[in-house]
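Chemist: One-letter residues, chain by chain:
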Amino acid sequence: MINTVFQLTQPKVFSVEHRDLFYERQVLVRPFYMSLCHADQRYYQGLRKSEVMKRKLPMALVHECCGTVVYDTTGTYQKGSLVVPIPNVPTAHPDYIYENYAEGSSFRSSGRDGFMQEFIAMPSERLVVASNIPPQLLAITEFISIAIHAATRFLKNAHPQREKLAVWGDGSLGYITSLVLRYVMPHAHIVVIGHHSEKLAHFSFVDEVYLSEDIPFSLKIDHAFECTGGNGCSEAINSIIKYLRPQGCCMLMGVSETEVSINTRDVLEKGINFIGCSRSGREDFQNALKLMSESDKQKYLDSIIYEDAPVRSISDIHHVFATDTIVPFKTVFNWQI
Amino acid sequence: MIFGAILAGGTGTRMNISSLPKQFLPLGSKPVIIHTLEKFLTSGCFDHVYLGIHPKWTPYMTDLLDKNQLNFPQVHITDGGIDRNRTIQNIISAIETDWGSCEEHILVTHDAVRPFVSFRVIQENVAAAQQYGACDTVISATDTIVASEDGKMIQSIPKRNYMYQGQTPQSFNMNLLKKLYLQLSHEELESLTDACKICVLQHIPVYLVRGEVSNIKLTTIEDYKIAQAMLEEKNCD
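Protein chains in written order, with the numbering used here: chain A, 994 to 1330; chain B, 23 to 259.
Rather than coming from a laboratory, the hints here were simulated on the basis of the structure. We put the CB at the ideal spot given by N, CA and C, even for glycine. Incorrect hints may appear among the rest.
Said to hold, decoys possible - Now the stretches of chain A that chain B is said to cover, found in silico as 3 or more residues with beta-carbon under 8 Å:
(1) 1055-1068
(2) 1313-1321
To be verified - Capping the alpha-carbon separation at 20 Å, the derived lysine to aspartate or glutamate pairs in EDC-like fashion look like this:
(3) B:K239 with A:E1010
(4) A:K1072 with A:E1017
(5) A:K1072 with A:E1118
(6) A:K1005 with A:E1044
(7) B:K200 with B:E125
(8) B:K219 with B:D245
(9) A:K1213 with A:E1201
(10) B:K239 with A:D1065
(11) B:K200 with B:E118
(12) A:K1157 with A:E1201
(13) A:K1235 with A:D1207
(14) B:K89 with A:D1013
(15) B:K78 with B:D88
(16) B:K239 with B:E118
(17) A:K1235 with A:E1156
(18) A:K1149 with A:D1065
(19) B:K89 with A:D1065
(20) A:K1263 with A:D1309
(21) A:K1192 with A:D1295
(22) B:K247 with A:D1013
(23) A:K1072 with B:D69
(24) B:K89 with A:E1017
(25) B:K247 with A:E1010
Make a model of the complete structure from these sequences and hints.
Modeler: Okay, structure coming up:
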């Protein structure tokens, strides 16, 4: 079948490619709702380093979506099933390595085409089935699975004193991470540190919120989650180092384009553990769906989603990327091309 | 019910590169008509898809369905007629034989040799035919249209903003189309080669669905070369 792929060729320029799509031993999925990630926006705006742009483009963007099974040559899924594709394409890896860190693995919309296509062909094991969850929410499953992955690694690695946790970052990642922590540790005392009071106002389910310039000097936290990324990374990590109790764990989740300078003297003195987290695997997707099946969690998630107009043309694609720069949290849209 | 009608009644070999009718020529990994059929099937819009095939080529089409593992119960081969209208009429007859007549039946007719048709265009055709009774797929004219009856001198140059180029699918409430066909004389049936024109002449409103420039019709060797170039990219996900 001839498939249409919408590739970013240079910042803010898309080309329409027609491909002979082979779907033997694959599941053919029609993307339904998509969501934009900062990574997509960085490619679209040309904010990645020029050598990275040259190496990765042309490429179809978007790795967060849900879709409908239209044809399954593997016999695993029923036609019409609502599914979420897993963008990670892992290679063989030892059991002690998570699939998202496997050497040689690749990722949709980072090095290979993402989901901005008419149809996507996926191996059956790279899909998870969803039910009773609105498609607008399902579109951000991948994003939630990242926080689930970080929480899973935290539970495996952090020392057992987990009374007071803090999340640095009041954006989408900070919000989802805080919500996941509330889900996996209902009784933990959760503090969120951010730069924007209007965004912090959304975090109704945590115990305390502070603007970064107003953090009480007396604050002491057992463990921290860094969800800022970008230029704010250095300030956030050094702040975490300052407020962490000895041998606390700092989960690094924000992506920075530049190298980050941190106060290693205090890291050594306090014996702080840093754990880098990126992307997620199948199990994280399944756990994300469990969280999303709870009606109160759906309401919290819904509050950070802005549904833009359906995308039916290239100019609509430009429109959603523009919208995404002004909405405070996540932009989702119905893919109708 | 919603029916797809893929029109491949001709045996035209105008491309002079093969004795195969153009709808059976290979494009990428598959024959042109298989790409078109796959797009119809994967759209999920249709209860059944009918292929109107020249009677000489129906065994060949059956083999193609087998080889491409598309011999599903929802795919039917019907004898094509001597022209486009007769092929559509044959398909309508086959549908009524198989499923009976119904006011709600929708028929989405499409050239087999337009394999680049998009999911959106198919979906919007179905919706428009359900809402308006008839629709045509068009793209805005980019070249200036010049009208001349003698082919020597310009008669008029219509305002380009109002000009569109017709593509397919063309979609209809099936009963409406059948009634319109019955009102035509034998001569009119032969001369009116466009089903939407039949509607317009009988004052039936026809909605416009936005087509795609890429939804090209493979008629000449140049079209075929363009289609092959469009698919040249080898890196398939």
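Chemist: Look at each hint and say if it fits the structure.
Modeler: Tested hints:
{"no.": "1", "hint": "1055-1068", "verdict": "holds (count 3)"}
{"no.": "2", "hint": "1313-1321", "verdict": "violated (count 0)"}
{"no.": "3", "hint": "B:K239 with A:E1010", "verdict": "holds (17 Å)"}
{"no.": "4", "hint": "A:K1072 with A:E1017", "verdict": "holds (16 Å)"}
{"no.": "5", "hint": "A:K1072 with A:E1118", "verdict": "holds (16 Å)"}
{"no.": "6", "hint": "A:K1005 with A:E1044", "verdict": "holds (17 Å)"}
{"no.": "7", "hint": "B:K200 with B:E125", "verdict": "holds (11 Å)"}
{"no.": "8", "hint": "B:K219 with B:D245", "verdict": "violated (25 Å)"}
{"no.": "9", "hint": "A:K1213 with A:E1201", "verdict": "holds (13 Å)"}
{"no.": "10", "hint": "B:K239 with A:D1065", "verdict": "violated (29 Å)"}
{"no.": "11", "hint": "B:K200 with B:E118", "verdict": "holds (11 Å)"}
{"no.": "12", "hint": "A:K1157 with A:E1201", "verdict": "holds (11 Å)"}
{"no.": "13", "hint": "A:K1235 with A:D1207", "verdict": "holds (14 Å)"}
{"no.": "14", "hint": "B:K89 with A:D1013", "verdict": "holds (17 Å)"}
{"no.": "15", "hint": "B:K78 with B:D88", "verdict": "holds (18 Å)"}
{"no.": "16", "hint": "B:K239 with B:E118", "verdict": "violated (29 Å)"}
{"no.": "17", "hint": "A:K1235 with A:E1156", "verdict": "holds (18 Å)"}
{"no.": "18", "hint": "A:K1149 with A:D1065", "verdict": "violated (37 Å)"}
{"no.": "19", "hint": "B:K89 with A:D1065", "verdict": "holds (17 Å)"}
{"no.": "20", "hint": "A:K1263 with A:D1309", "verdict": "violated (51 Å)"}
{"no.": "21", "hint": "A:K1192 with A:D1295", "verdict": "holds (15 Å)"}
{"no.": "22", "hint": "B:K247 with A:D1013", "verdict": "holds (15 Å)"}
{"no.": "23", "hint": "A:K1072 with B:D69", "verdict": "holds (13 Å)"}
{"no.": "24", "hint": "B:K89 with A:E1017", "verdict": "holds (13 Å)"}
{"no.": "25", "hint": "B:K247 with A:E1010", "verdict": "holds (16 Å)"}
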